[in-house]
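Peer 1: Model the full assembly from the supplied sequences, consistent with the hints where possible.
Respectively, the protein sequence lines represent chains B and R.
Just so we're aligned, residue 1 is where the first sequence starts under full-length UniProt numbering, counting upward by one.
Just so we're aligned, residue 1 is where the second sequence starts under full-length UniProt numbering, counting upward by one.
Honestly, the hints are just simulated from the structure, not real lab data.
Treat the hints with caution; some may be incorrect.
From the derived model, a few chain R residues whose C-beta atoms are all more than 10 Å from chain B [stated by the list, open to error]:
no.: 1; residue: G18
no.: 2; residue: A29
no.: 3; residue: D33
no.: 4; residue: T40
no.: 5; residue: V53
no.: 6; residue: T98
no.: 7; residue: L116
no.: 8; residue: A141
no.: 9; residue: H152
no.: 10; residue: L155
no.: 11; residue: A158
no.: 12; residue: V178
no.: 13; residue: P201
no.: 14; residue: A209
no.: 15; residue: R212
A few chain B residues facing chain R, derived, Cβ under 8 Å [what the hints assert, rightly or not]:
no.: 16; residue: V53
no.: 17; residue: R55
no.: 18; residue: E68
no.: 19; residue: I92
no.: 20; residue: L99
no.: 21; residue: H101
no.: 22; residue: H152
no.: 23; residue: R153
no.: 24; residue: E157
no.: 25; residue: A158
no.: 26; residue: T161
no.: 27; residue: S172
no.: 28; residue: G175
no.: 29; residue: V176
no.: 30; residue: V178
C-beta atoms are modelled at their ideal positions from N, C-alpha and C, and glycine is treated no differently.
Read off the chains here:
Protein chains: 2
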Amino acid sequence: MATDNRPLGGVGPARRRGLADEVADSVRAAIFDGTYPPGTQLRETELSSALEVSRGPVREALMCLEGEGLLRSGWHRGAVVVELSGEDVAEIDSLRGTLEHLAVRLAVERASEEDLDTLARVADRMRRAEDAHELVALDIAFHDAVYAAGGHRRLQEAWHTIRSQVHLFLVSRIGVSVEDYLATVPGEHRDLVEALRARDPEAALRLFADHRSHALHVLTGRDRA
Amino acid sequence: MATDNRPLGGVGPARRRGLADEVADSVRAAIFDGTYPPGTQLRETELSSALEVSRGPVREALMCLEGEGLLRSGWHRGAVVVELSGEDVAEIDSLRGTLEHLAVRLAVERASEEDLDTLARVADRMRRAEDAHELVALDIAFHDAVYAAGGHRRLQEAWHTIRSQVHLFLVSRIGVSVEDYLATVPGEHRDLVEALRARDPEAALRLFADHRSHALHVLTGRDRA
DNA sequence: GGACACTCTAATGTCAACATTCGGACATTG
DNA sequence: CAATGTCCGAATGTTGACATTAGAGTGTCC
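Peer 2: Pasting the structure below:
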């Protein structure tokens with residue numbers, strides 16, 4: 001799963017990771033594929049015995065996932081997979097809009113040719129995506145690349161705190177108008193790349209806003225807007 | 001220290017907290033008051049013996065502070081207090097500007113009279129602040145209240161991820177034009193409250209932008225802009 | 001019959017010991 | 001003398017046991 005931040009082709013320095021990261025990846029994937037539906041209680045002991053690691057790394061992983069907004073927890077009350085209400089979706093969308101506004105402006109201004117090529121490559125892969133899950137992953141990867149092109153570390157970190165929630169929302173809505181999603185999204189992203197390549201801030205911002213608005217309306221229940 | 005999210009008057013139900021939170025508060029305070037200057041290596045064993053707790057809570061606290069951007073760490077390489085470069089300050093300022101833009105719009109639209117009273121109270125306290133440290137704390141508390149008035153949970157969380165860095169930057173710059181800071185900041189915040197009370201989005205946004213710009217210029221070295 | 005207090009259990013919070021890994025000092029070799 | 005390889009110490013990563021607490025269930029009293 002494209003959860004790490006590799007630029008999708010750059011060979012990362014293959015740095016060592018701890019068990020906590022692997023546990024986090026496992027649990028995150030399990031949440032996305034529906035193994036742990038929203039509302040599920042995640043008990044440290046269960047996970048630790050299921051994954052055959054001690055509770056330490058599990059605890060760390062859960063804290064990490066809570067930072068990504070996938071879990072909510074309280075004192076002595078464990079962790080629960082979030083259930084995204086309508087208000088939650090609105091919050092995510094407005095915050096995402098704000099962050100992406102800055103990201104697009106930065107990307108238009110500072111994206112290298114290599115960055116743009118990466119974006120084009122991801123957009124191109126979308127046209128060959130075979131199922132909706134893969135398309136969602138590519139959608140997220142595309143926006144990752146936009147933020148990366150902005151070269152703004154803290155902005156990327158802020159994106160990371162809602163990225164998984166966006167992902168969760170998208171996959172949880174798979175099934176409502178899949179064909180529409182499959183049909184329109186690849187083309188939209190290709191247009192986004194072109195707008196960035198043209199270095200036209202206003203046009204790019206408008207396209208990105210339309211893209212978010214369209215996705216929100218389609219996925220929020222209103223069919224083929 | 002007003003590090004928790006209490007609305008500055010509401011006596012929280014004093015709910016049970018873990019050792020990790022207390023450790024985090026201690027270390028955060030120590031960073032702010034200069035006990036741990038930027039670049040300091042924070043070793044888990046040292047902290048655990050100094051604070052007389054085991055490494056578990058210390059580890060958790062350090063992870064939390066890393067999430068606030070006060071520390072940086074790597075695999076098997078411990079945690080180091082951040083040193084804010086010029087680029088870092090620019091990043092913090094731009095991200096803060098973006099987040100605050102949304103926060104102010106929300107606050108103008110949705111702030112209750114009680115929220116506004118809280119803001120006015122904090123702004124009023126600034127006039128009686130006796131030292132710069134207290135003024136900085138009140139400055140942060142004021143912006144906390146603005147975000148709180150927006151009623152946008154994830155936006156508040158995003159603010160939390162840079163809040164401590166803003167705090168760190170402000171206290172690290174105490175000494176350069178303290179008198180200017182002390183003289184102008186209380187009045188500026190009173191104006192900000194009035195703008196919010198007037199429910200005028202454009203005016204409020206402009207004042208908040210000016211406020212940030214002024215603070216940045218003063219604290220970045222250029223005196224009395 | 002309903003409300004309160006108690007107990008009991010299962011989960012989280014904490015701890016101290018063990019295993020692994022990074023960085024540097026030292027010796028070795030071309 | 002520089003580059004490389006090895007060893008060692010100290011810090012982090014991991015583990016399992018112990019302490020504490022929230023919440024459910026039960027029993028009693030009014």
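Peer 1: Work down the list of hints and note, for each, if the structure agrees.
Peer 2: Against the structure, the hints:
A beta-carbon of chain B comes within 10 Å of the beta-carbon of G18 (chain R); the shortest separation is about 7 Å. Every CB of chain B is more than 10 Å from the CB of A29 (chain R) (nearest about 22 Å), matching its label as outside the interface. Non-interface status of D33 (chain R) relative to chain B is upheld: no Cβ of that chain comes within 10 Å, the nearest being about 24 Å off. Remark: the non-interface label on T40 (chain R) is consistent with the geometry, its nearest Cβ contact in chain B lying 21 Å away (cut-off 10 Å).
The claim that V53 (chain R) lies off the interface holds: its Cβ sits roughly 16 Å from the closest Cβ of chain B, which is beyond the 10 Å cut-off. Distance check on T98 (chain R): its Cβ comes as close as 5 Å (rounded) to a Cβ of chain B, failing to clear the 10 Å threshold; non-interface status is violated. Every C-beta of chain B lies more than 10 Å from that of L116 (chain R), the closest at about 22 Å, which supports listing it as non-interface. The non-interface label for A141 (chain R) is consistent with chain B: the shortest C-beta to C-beta separation is roughly 22 Å, beyond 10 Å.
Against the 10 Å criterion, H152 (chain R) falls within the reach of chain B, whose nearest CB is about 6 Å from its own CB. With a minimum CB-CB distance of about 6 Å to chain B, L155 (chain R) fails to clear the 10 Å threshold, and the non-interface call is violated. Listed as a non-interface residue, A158 (chain R) fails to keep its Cβ farther than 10 Å from every Cβ of chain B; the least gap is roughly 5 Å. With a least CB separation of 27 Å from chain B, V178 (chain R) remains clear of the 10 Å interface cut-off, as annotated.
The claim that P201 (chain R) is not at the interface with chain B holds, since no C-beta of that chain comes within 10 Å of its own (minimum 15 Å). Non-interface status of A209 (chain R) relative to chain B is upheld: no Cβ of that chain comes within 10 Å, the nearest being about 14 Å off. No beta-carbon of chain B is positioned within 10 Å of the beta-carbon of R212 (chain R); the least distance is around 14 Å. With a least beta-carbon distance of about 16 Å to chain R, the hint placing V53 (chain B) at the interface is violated under the 8 Å criterion.
The beta carbon of R55 (chain B) comes no nearer than 10 Å to any beta carbon in chain R, farther than 8 Å, and the hint placing it at the interface is violated. A least Cβ separation of about 11 Å between E68 (chain B) and chain R goes past the 8 Å threshold, and the interface hint is therefore violated. A distance limit of 8 Å between C-beta atoms decides the matter here; for I92 (chain B) the minimum to chain R is near 7 Å, and the interface restraint holds. Satisfaction of the interface hint for L99 (chain B) is found here, the shortest Cβ-Cβ separation to chain R being roughly 7 Å, below the 8 Å cut-off.
Evaluation of the H101 (chain B) hint against chain R yields a held restraint, the C-beta minimum of about 7 Å falling below 8 Å. This hint holds: H152 (chain B) has a C-beta 6 Å from the nearest C-beta of chain R, less than the 8 Å allowed. For R153 (chain B), the suggested interface contact is upheld, since its CB lies about 6 Å from the closest CB of chain R, less than 8 Å. Because the beta carbon of E157 (chain B) sits about 7 Å from the nearest beta carbon in chain R, less than 8 Å, this interface hint is met.
Hint on A158 (chain B) holds. Least Cβ distance to chain R is approximately 5 Å, under the 8 Å limit. A least Cβ separation of about 6 Å between T161 (chain B) and chain R falls short of the 8 Å threshold, and the interface hint therefore holds. The beta carbon of S172 (chain B) is not positioned within 8 Å of any beta carbon in chain R (closest approach about 17 Å), and the interface hint is therefore violated. Given hint, G175 (chain B) at the interface with chain R, is violated; its Cβ is 25 Å from that chain's nearest Cβ, farther than 8 Å.
Interface restraint check: V176 (chain B) against chain R, minimum CB-CB distance 23 Å, threshold 8 Å, status violated. With 8 Å as the threshold, the beta carbon of V178 (chain B) stays out of range of chain R, its nearest partner Cβ sitting at about 27 Å, so the hint is violated.
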